[in-house]
Amino acid sequence: MKHTCKRIFTLSTLALAVCAAPSLSAATWSDTYIGYRYGTQFTEPGNKKDVEKHILQLTHASGYSYGQNFFNLDILQSDENDPAKGDAPGEGDGATEAYLSYRHQLHLGKVFDTNLSFGPVKEVALTAGFDLNTKNTDFGPRKQMLVVGPTLKFDVPKGFLDFSVLYTHERNRNGFKPAGEKDITFNDYTIYNLAWGLPFQAGPVPMKFQGFINYNTPKGLGTDYEILARPSLMFDVGQLAFNKSNTLWAGVGYEYWRNKFGNQGMDGIDTDAPTFQLEWHF
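Going left to right, the sequence shown walks through residues -26 to -1, 1 to 256 as mature numbering (1 follows the signal peptide of the UniProt record, and there is no 0) numbers them.
Hints in this document: simulated from the structure, not taken from any laboratory. One thing to keep in mind: the hints can contain errors.
Stated by the list, open to error - Restricting the straight-line Cα-Cα distance to at most 30 Å, the calculated cross-link-like pairs of lysine-lysine (DSS-like) are: (1) 23 / 151; (2) 117 / 59; (3) 156 / 234.
All chains should be modelled from the sequences, with the hints used to inform the complete structure.
Right, dumping it as structure tokens:
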């Protein structure tokens, strides 16, 4: 647990450093929030039981003259059905995981001072970034993933709608393997990503529909395709209750996951988990 906490602290420090970066690159807009998600029907590969999770989230997005930054840090606390290393199933406090994602978009039309719009697409970008994770289970994953590829940015009345095709290189760790074989490098694969944030008004209620969906191609070593979607519908309760827009949001979401981590033929690889969600923007 000590080593896990140290790695979580390192990831948190990196996340805060990324948060500060836009101020050094003349950010033209930014949005930062602390979020909370809760659900009782999460799953883990090889585990027949549903897992309750509390998820604390730090998210930042910002734009500058030639592009934009995005990062998200999730700290996930499972219940005893997803045991920490050394605990028997149904015992202990459950496993703790940290998952960090960072993406940078370089808007090519702005870089080359030319109009790259066509049809419903208003801009073409080059996206690059990474994912890192750590979790204190017997499996002990330590994901290291790099992505790069083109993004089409669609022209929507408000918010954003982006479609990316990302070339992906991933390494991870399998604690069940013998010494010297724990670190695994997968075959490079492709992630097809659709991400959106669409605000709208329902009568007097400000709302937004947001989320993403990933389709990952197989990455070798016996893996299958993988689908992960996390849509959510949020209500601007801060505007309704305190007349402060984009401050406090509440709503519901859903995690849809098939062949989790590319696994196949085992329990716990398909997730259908409704979630309750909060966001405090500052």
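How the hints compare with the structure:
At most 30 Å may separate the alpha-carbon atoms for a hinted pair to count; residue 23 and residue 151 meet this at roughly 24 Å. Between residue 117 and residue 59, the direct Cα distance comes to roughly 17 Å. Compliance with the 30 Å bound is thereby established for this hinted pair. The straight-line distance between the Cα atoms of residue 156 and residue 234 is roughly 20 Å, inside the 30 Å bound, and the hint therefore holds.
Violated hints are absent here; each numbered hint is respected by the structure.
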